[in-house]
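Enquirer: The primary structure of each chain is shown beneath.
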Amino acid sequence: MSTDVRDRIADYLAKFFPVTDLQDTDDIFKRGFVSSLFAMQLVAFVEQEFGVTVENEDLELDNFRSIASLERFVTGKLAAPVAR
Amino acid sequence: MSTLLGRPPVADIMLDDEQSAARAEFADFVDRAIVPVAGDLHRAQRTPPELIRTLADVGYLGLPVPREYGGGGCDAVTLGLLAGELGRGCSSLRSLLTVHTMVAHVLARWGTREQRNSWLPRLAAGSSIAALALSEPEVGSDAGAVRTRITPTDGGFLVDGRKRWITYGHVADVFLVVGRGPDGPTAVLVERDRAGVRTNLITDLIGIRASMTADIRFDQVRVPEANLVGRVGLGTTQVAGTALDLGRYTVAWGSVGIIEACLRASVRYVNDREQFGVLIREHQLVRRMVSDMFADYRAARLLCLDAGLRRDRRDPTALPAAALAKYRASTAAVRAATDAVQLHGANGCSDSYPVQRYLGDAKVMEIIEGSTQLHQVGLADYAFQEFAAVSMGSQP
Ligand SMILES: Cc1cc2nc3c(=O)[nH]c(=O)nc-3n(C[C@H](O)[C@H](O)[C@H](O)COP(=O)(O)OP(=O)(O)OC[C@H]3O[C@@H](n4cnc5c(N)ncnc54)[C@H](O)[C@@H]3O)c2cc1C
Chain B
1 MSTDVRDRIA
11 DYLAKFFPVT
21 DLQDTDDIFK
31 RGFVSSLFAM
41 QLVAFVEQEF
51 GVTVENEDLE
61 LDNFRSIASL
71 ERFVTGKLAA
81 PVAR
Chain F
1 MSTLLGRPPV
11 ADIMLDDEQS
21 AARAEFADFV
31 DRAIVPVAGD
41 LHRAQRTPPE
51 LIRTLADVGY
61 LGLPVPREYG
71 GGGCDAVTLG
81 LLAGELGRGC
91 SSLRSLLTVH
101 TMVAHVLARW
111 GTREQRNSWL
121 PRLAAGSSIA
131 ALALSEPEVG
141 SDAGAVRTRI
151 TPTDGGFLVD
161 GRKRWITYGH
171 VADVFLVVGR
181 GPDGPTAVLV
191 ERDRAGVRTN
201 LITDLIGIRA
211 SMTADIRFDQ
221 VRVPEANLVG
231 RVGLGTTQVA
241 GTALDLGRYT
251 VAWGSVGIIE
261 ACLRASVRYV
271 NDREQFGVLI
281 REHQLVRRMV
291 SDMFADYRAA
301 RLLCLDAGLR
311 RDRRDPTALP
321 AAALAKYRAS
331 TAAVRAATDA
341 VQLHGANGCS
351 DSYPVQRYLG
361 DAKVMEIIEG
371 STQLHQVGLA
381 DYAFQEFAAV
391 SMGSQP
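Sequence order for the protein chains is B and F. Its first residue numbered 1, the first sequence is counted upward by one per residue in my numbering. Its first residue numbered 1, the second sequence is counted upward by one per residue in my numbering.
If you are wondering where the hints come from, they were derived from the structure by calculation, not from laboratory data. Keep in mind that the hints are not guaranteed to be accurate.
Unchecked claim - Simulated crosslink set (EDC-like; lysine to aspartate or glutamate; CA at most 16 Å straight-line): (1) K77(B) with D27(B); (2) K15(B) with D315(F); (3) K30(B) with E49(B); (4) K15(B) with D381(F); (5) K77(B) with E55(B); (6) K77(B) with D62(B); (7) K15(B) with E386(F); (8) K15(B) with E49(B); (9) K77(B) with D58(B).
Just so it is clear, the structure is predicted and the values come from calculations on it, not from any experiment.
Modelling step: build the complete structure from the supplied sequences, incorporating the hints.
Expert: The following block contains the structure:
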């Protein structure tokens with residue numbers, strides 16, 4: 001499950017970071033190729049791909065910074081009971 | 001009005017039955033309630049409250065608001081079809097739909113439970129009208145540089161500054177204001193009836209002249225903490241970003257509406273006007289203008305439909321798709337309206353034909369929701385996203 005989440009995130013980010021050496025802990029916001037709307041696209045991707053809802057309080061850079069942090073965030077979301 | 005074009009077959013092939021029926025309903029409404037008065041609104045430079053009421057009563061202002069809040073819960077394609085038809089009839093009223101739904105969308109997406117429960121039913125019913133207050137006298141394209149201060153105080157915020165070019169700002173009941181706080185860009189709701197809010201109508205615009213566009217002063221306006229929208233520091237990316245994404249989408253559709261209106265007027269005119277002993281439709285250079293308009297219409301419409309379908313799938317590519325559609329449709333609308341005026345000759349320069357109105361309206365579409373130049377600079381990023389992986393991957 002978790003590796004699946006990781007792979008789907010890595011696959012998506014591969015579209016934006018063509019360099020093949022993107023490590024799981026690399027800070028994607030420091031790698032370039034990032035437009036100002038990229039963060040919102042990332043939010044849309046996470047919601048669509050994993051069926052979770054990103055809330056106000058989730059909008060921390062630390063949740064979106066790297067493959068590893070996105071994986072942690074998504075698995076946390078998937079495990080949490082839905083509250084809205 | 002019977003259409004010389006009929007229902008556009010290629011575009012409609014992407015719609016399901018419900019969407020096609022919705023479009024027919026919107027088109028009928030626009031033909032009956034808007035087309036006959038659009039020229040008068042333009043000349044009077046105002047939208048009568050009764051017309052806003054009518055739009056609200058038929059449910060159009062709340063069409064995309066989720067059903068649980070009393071809205072129509074429509075999909076993005078249907079919202080686009082509405083914007084397209086409204087834009088065909090009157091760009092001012094289409095811009096009302098744009099600003100009102102931008103704010104509703106932000107609240108549905110990022111609003112607190114209290115904000116959603118308090119505002120969405122009113123926005124859905126159109127009993128409250130909402131406007132987006134981002135631009136300022138000194139700040140437009142560089143939205144992150146807004147100067148209006150939103151300062152935390154006891155139990156809330158103090159809003160102080162000036163906003164300009166706020167569509168329907170002269171009649172809106174609530175403003176989504178994007179300003180600057182000590183911790184960065186911040187967005188709050190400001191109700192019109194709060195002490196210190198003053199709006200002034202801006203007249204004699206080149207286009208959307210009935211749009212009740214206003215200059216707004218917020219003079220030490222106090223709002224409660226509960227009016228904060230989204231996160232402090234994310235007023236531009238999160239709040240304005242979400243609003244403008246939808247705004248670009250409906251403006252793109254509105255631009256398609258303008259092109260369609262240009263086509264209808266032009267086709268009618270060239271089939272009626274004679275010069276050199278023949279209908280002007282026989283002249284090759286006239287035909288060229290109609291051909292270009294037609295090609296632009298189809299292309300822009302398909303880009304809009306594509307953006308809508310992606311939105312409905314919650315696809316992350318919906319964002320660049322809307323930007324692309326806005327860029328193409330608004331620039332095409334200016335071309336179409338320029339040619340429509342040209343085809344009408346002197347009549348096109350007069351107030352007796354609607355095409356001069358279309359030209360002014362189209363020009364505004366190129367400036368709002370990210371100008372043509374900002375798109376020309378920015379869209380390349382999406383090309384890099386889409387093609388960099390391919391091209392760089394193939395490098396040795
Ligand atoms: C009728 C009308 C209604 C409006 N309604 C609203 C509303 O409801 N709410 C709201 O907040 N705002 C509204 N606006 C304001 C609108 O969003 C701004 O006009 C728009 O963002 C452009 O800003 P500006 O007019 O300050 O032009 P500027 O940003 O000063 O731009 C001037 C010129 O410079 C170009 N330019 C600027 N930066 C760059 C760059 N980096 N690269 C290349 N070229 C550049 C622009 O393309 C433009 O051609 C409205 C405007 C109009 C005309």
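Enquirer: All hints are to be evaluated individually against the structure, with a verdict given for each.
Expert: Evaluation of the provided hints:
With a CA separation close to 21 Å, the supplied pair K77(B) and D27(B) exceeds the 16 Å bound. For the hint linking K15(B) to D315(F), the alpha-carbon distance of about 14 Å falls within 16 Å, and the restraint holds. A hinted pair counts as satisfied when its Cα atoms are at most 16 Å apart, and K30(B) with E49(B) does not qualify at roughly 24 Å. Of the pairs offered as hints, the one joining K15(B) and D381(F) holds, with about 12 Å between alpha carbons and a cut-off of 16 Å not exceeded.
Distance restraint check for K77(B) and E55(B): the Cα-Cα separation of roughly 10 Å lies within the 16 Å cut-off, and the hinted pair is therefore satisfied. Between the alpha carbons of K77(B) and D62(B) the distance comes to roughly 14 Å, so the proposed pair stays at or under 16 Å and holds. The suggested pairing of K15(B) with E386(F) holds, with an alpha-carbon distance near 7 Å, which does not exceed 16 Å. Among the hinted pairs, K15(B) with E49(B) is consistent with the structure: their alpha-carbon atoms are about 15 Å apart, no more than 16 Å.
At most 16 Å may separate the alpha-carbon atoms for a hinted pair to count; K77(B) and D58(B) meet this at roughly 10 Å.
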